[in-house]
Amino acid sequence: MTEQVQLSGVAETGPAPVLPGSGAGAITRAVRSLAILGHSPTTLVGLGIVVFWAAMALLAPLIAPYPPNALDPAAVAHPTPSALHWFGTDQLGRDILSRILWGARRVLTVAPIAVLSAALAGTFLGLCAGYYRGFIDLVISRIADIMLSFPVIILYMIVLALFGSSVLNIVLVVAITKAPIIARIVRGLTLELREREYVAAAKMRGESALYIMLVEILPNARGPLIVDMCLRMGYTTITIGVLGFLGIGLPPPDPDWGGMVKDTYGMMSVWPHMSLIPCAAISSLVIGFNLLAIGLREASLRE
Amino acid sequence: MARFFLKHLFFLCLTLAVVSLLVFLLTEFTPGDVARKYLGAYATQEQVDLLSKQMGLDRPVLVRYGEFVGKILSGDLGTSTRYRVPVQDILFDRLANTGLLALVAFAFIVPLSMLFGILAGMREGSFLDRSILLVSAVLASVPEFAMGVFLATIFVVTLNWLPGTATLQSGGHWPIALQLVLPVSVIVLFDMGYVVSMVRASMVETMRRPYIRTAVLKGMHFRQVVMGHALRNAMINPVTVILLQINYLVSGVVVVESVFAYPGFGRMMLEASLYKDIALIEAGALVSVFVAVATQIVGDLAYMLLDPRIRS
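Each protein sequence line maps, in turn, to chains A and B.
Per the numbering used here, residue 322 is the first one in the first sequence, and the count goes up by one each step.
Per the numbering used here, residue -11 is the first one in the second sequence, and the count goes up by one each step.
Simulated from the structure, these hints should not be mistaken for laboratory data.
As the structure is a prediction and not an experimental result, all values here were calculated from the model.
Please note that a few of the clues may not be correct.
[As the list claims (entries may be wrong)] Each pair of labels, with its calculated beta carbon distance range:
hint	chain 1	residue 1	chain 2	residue 2	range
1	B	Leu13	A	Val460	44 to 54 Å
2	A	Pro382	B	Gly63	53 to 63 Å
3	B	Leu219	A	Ile497	32 to 42 Å
4	A	Asp575	B	Tyr53	34 to 44 Å
5	B	Arg201	A	Pro362	24 to 34 Å
6	A	Pro574	B	Leu289	42 to 52 Å
7	A	Pro574	B	Ile142	24 to 34 Å
8	B	Arg72	A	Pro572	21 to 31 Å
9	A	Gly369	B	Ala95	32 to 42 Å
10	B	Leu10	A	Pro362	43 to 53 Å
11	A	Pro388	B	Leu289	54 to 64 Å
12	B	Arg201	A	Pro572	50 to 60 Å
13	A	Gly369	B	Tyr199	50 to 60 Å
14	A	Ile547	B	Met215	34 to 44 Å
Ideal placement from N, C-alpha and C gives every residue a C-beta, glycine not left out.
The task is simple: from the sequences and hints, build the whole structure.
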């Protein structure tokens, strides 16, 4: 609920203008940004962690040793890590390694969908608010104010507990609560960019408002937006984990990292591995996203 | 000044009205019957109908919303269907518990995050800066429940120094002060990661200003530049951020309260949501929105007092 402030500085950095439509330039630029990223160990570590989990999520059906919900009655008495179950099993004898891998697949499906929906809606609203200003800006900003003053976790709890938990509901709640925050960032960037000469030139050429917003303004606002989406992926991963832990997240029995902790937390004193492993998994993924965001922000400032 | 307060007071009332209507409508249009939820799955339909009538649930929505607002204004928050006591009996009790947790956590968050934020931001790019930035990014990445599990593994399971739950019952062999240690630590660590990076960002920005360079170039002691010139200006933005943390400390601590079985406001809201305890959800949502808007107003006020350019 306070994360919107994190990016308050970006508006002042002012992204560099981009020449549209130069294919070779785009490649050079991509190579150069990769080279910049390569210089920063923070970025590399973050990228490495995220790529690792993305690979695990993609390959889960191939490399998971057991089906995620398969019970192994023989393991219940001794659920600790063994040759059969590298990470041990949970209290029902389900293989933790397999559940972690399938859980990665689940969180890395739901979080990007939610963040992308929020980004699409938020970017559109922010572009309109910043470009047209006036009444549209007033309405959008007021709604954003109310959304921001409402404690998000309370809203999540009410909506998800009342409407039940499903992937769609989680995506909707994340998109609805995050879109105003993104809209506010995009609005700030747009307010600054709309005064640039190339926007004035486009207006003189008689381009439509939609063209100016999408082709002239949006590409130049991309730097801070990409950093923000990266941060937001981390936050959304936390949110999904927290909802799972509270028992209002993605529906069981399919593995969900937060839900795995909730189911086994009571047995901490006897079998701490059951809770520790999913906790380590979710923490590492979020650390990956946040380090990547720090690295990208530094790279975009240096550019 | 009077204008400022009137404007914000109006906005506060407007937000509360909108939110109360939203929450009321939300709980209204969800599947499942309140009376059914109250009586359980084995009650007959007749019993459900009878209770619906008794609770007045068979009348139009708008009539009941009007009644609901009237009752709130007269101080009657209704009866909790989950705990079967008047809402105010449980609500203020839980709020007081959360308040205790929030107060202790806040007392650590403010000085610690200011200290680390200033230390990191005063020399941008230094080793100290990089380390603090990295550590706070990592701390802000670990979800509260995971932090709770990690700390509990060390201090409860392995070392047995602290209790794993904070039920605020003084009967057991753990005093209440020790019960608070783990919940407070989790909140402080998680929230500090974020606040430190905000304080640092503001400090970095201030240190880039021309008047700081002038002060350094005219040979002023670095310590004096930081304490005398940078500090006050760098603290204007973070004060708002820090005040907004009160919001998180009241409404956002539901996870920490669940981990440590702490009888607080957040857990009450979770239970109320799970049991469709409408009166309690509505009262709780209003309280948390009130806190959110009130902290925003205080934040704006603090900003005005600290920044003379806005005051005039």
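Checked hints:
1. Leu13/B - Val460/A: 44 to 54 Å: Cβ of Leu13/B to Cβ of Val460/A: about 20 Å, so the range 44 to 54 Å is violated.
2. Pro382/A - Gly63/B: 53 to 63 Å: holds (58 Å)
3. Leu219/B - Ile497/A: 32 to 42 Å: 40 Å Cβ-Cβ, so the 32 to 42 Å window holds.
4. Asp575/A - Tyr53/B: 34 to 44 Å: holds (39 Å)
5. Arg201/B - Pro362/A: 24 to 34 Å: holds (30 Å)
6. Pro574/A - Leu289/B: 42 to 52 Å: holds (50 Å)
7. Pro574/A - Ile142/B: 24 to 34 Å: Holds - the Cβ-Cβ distance for Pro574/A and Ile142/B, about 31 Å, lies within 24 to 34 Å.
8. Arg72/B - Pro572/A: 21 to 31 Å: holds (30 Å)
9. Gly369/A - Ala95/B: 32 to 42 Å: At roughly 38 Å between Cβ atoms, Ala95/B and Gly369/A fall inside 32 to 42 Å, so the hint holds.
10. Leu10/B - Pro362/A: 43 to 53 Å: holds (47 Å)
11. Pro388/A - Leu289/B: 54 to 64 Å: holds (58 Å)
12. Arg201/B - Pro572/A: 50 to 60 Å: holds (58 Å)
13. Gly369/A - Tyr199/B: 50 to 60 Å: At roughly 42 Å between Cβ atoms, Tyr199/B and Gly369/A fall outside 50 to 60 Å, so the hint is violated.
14. Ile547/A - Met215/B: 34 to 44 Å: At roughly 38 Å between Cβ atoms, Met215/B and Ile547/A fall inside 34 to 44 Å, so the hint holds.
Taken one by one, the earlier hints fail for this structure at numbers 1, 13, listed in ascending order.
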